[in-house]
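There are 2 protein chains.
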Amino acid sequence: MTALPDKSDTLCPVARSQAVIGDRWAVLILRELFMGNRRFDSLLAQSQATPQMLSSRLKRLEADGMIERKHYMTKPPRYEYELTEKGRAFHPVLLALREWGETWHKSPHEDVAVRYTHLTCGKDAGIGTVCQSCGEPLRREDLKAEFSPSYAQERAARRDAVKNGKSA
Amino acid sequence: MTALPDKSDTLCPVARSQAVIGDRWAVLILRELFMGNRRFDSLLAQSQATPQMLSSRLKRLEADGMIERKHYMTKPPRYEYELTEKGRAFHPVLLALREWGETWHKSPHEDVAVRYTHLTCGKDAGIGTVCQSCGEPLRREDLKAEFSPSYAQERAARRDAVKNGKSA
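Residue numbers (the working numbering), protein chains in the order written: chain U, -10 to 157; chain F, -10 to 157.
Here chain U stands alone, though its shape is the one from the complex (with noise of 0.2 angstroms):
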């Protein structure tokens, strides 16, 4: 009874879905992969994870077949990472996540971390998963992110830090 539940044991696919992506440096990765943060050193950087634990997720996202992994340079050979069907289609979970964490893990004078336009309308998206101007659900590829101002300094500082081989 200590093992978790396999993909196959359950036809709960919340049960199945967490099999692949219930870990928490999982989803963060997938939330760098989303913001077009491909490549290995600022995957580092911006998940925070050890390089042990990047490497063995992104393995583990691969072969869940969340991810691929494809050359960008062949000597030395670097790769970079893209988001498969599969991994694209994850979108809305985090999208879900982003706007619990934003209402319910945020002080009153903390900024939200990524501003979205909804391209469909124009206006700003809000923090849900239907655009608060229009009222349409929101798909990924009518989205334009933003990072806040206090988001973009975070990030900045994580890049920093483990450029001068410092924890941030």
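Keep in mind that the hints were calculated from the coordinates and are not lab data. Keep in mind that a hint or two might mislead.
You can't tell identical chains apart in this list, so a pair holds if it fits in one copy or across any two.
To be verified - Straight-line distance between alpha carbons at most 30 angstroms, and here's what the computed DSSO-like set of lysine-lysine pairs gives:
{"id": "1", "residue 1": "K152", "residue 2": "K64"}
{"id": "2", "residue 1": "K152", "residue 2": "K48"}
{"id": "3", "residue 1": "K75", "residue 2": "K133"}
{"id": "4", "residue 1": "K95", "residue 2": "K59"}
{"id": "5", "residue 1": "K95", "residue 2": "K48"}
{"id": "6", "residue 1": "K48", "residue 2": "K112"}
{"id": "7", "residue 1": "K59", "residue 2": "K133"}
{"id": "8", "residue 1": "K112", "residue 2": "K75"}
{"id": "9", "residue 1": "K75", "residue 2": "K48"}
{"id": "10", "residue 1": "K59", "residue 2": "K75"}
{"id": "11", "residue 1": "K75", "residue 2": "K152"}
{"id": "12", "residue 1": "K152", "residue 2": "K112"}
None of these values were measured; they are calculated from a predicted model.
Using the hints, position chain F against chain U.
This is chain F only, laid out in the frame that chain U set:
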């Protein structure tokens, strides 16, 4: 760099959410509470966690303000667990996980786990986060859930296995 980002370390709402629920057991426990399964023994059967694991996750969810513990019997003291407002606000994340799981982790011969009727329009809500029949975003209070026959059987087997002291 090995520690998971603390809630106060980052503005990212996804990272903060994961700090609370980024654990497969926690998500399975929340799934059960949403189904109205509120007592330790039946949570144990359906989550397939060990008693120690379940107990620690329930304490953590309580400390994080996701659930409340209430007496349902005083001699001997017995408790049941209820979702708080913050816990109930997690429902859209489960719906999104369900959609992704039903879409990407099922073979064609497998049934859905739960069928939802959208009370607003009276029709089958489908497996998405908006109603497949009327297109409205799905809210928990507008959904009537029913286990598919195979999932009902799976749950009954788990309940019986725990009753008989065996792992399901």
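Checked hints:
no.	hint	in the structure
1	K152 / K64	within (22 angstroms within a copy, 60 angstroms between copies)
2	K152 / K48	within (24 angstroms within a copy, 39 angstroms between copies)
3	K75 / K133	both (21 angstroms within a copy, 28 angstroms between copies)
4	K95 / K59	between (37 angstroms within a copy, 27 angstroms between copies)
5	K95 / K48	between (33 angstroms within a copy, 22 angstroms between copies)
6	K48 / K112	neither (38 angstroms within a copy, 42 angstroms between copies)
7	K59 / K133	within (25 angstroms within a copy, 45 angstroms between copies)
8	K112 / K75	both (29 angstroms within a copy, 28 angstroms between copies)
9	K75 / K48	within (16 angstroms within a copy, 34 angstroms between copies)
10	K59 / K75	within (17 angstroms within a copy, 41 angstroms between copies)
11	K75 / K152	neither (32 angstroms within a copy, 38 angstroms between copies)
12	K152 / K112	neither (37 angstroms within a copy, 55 angstroms between copies)
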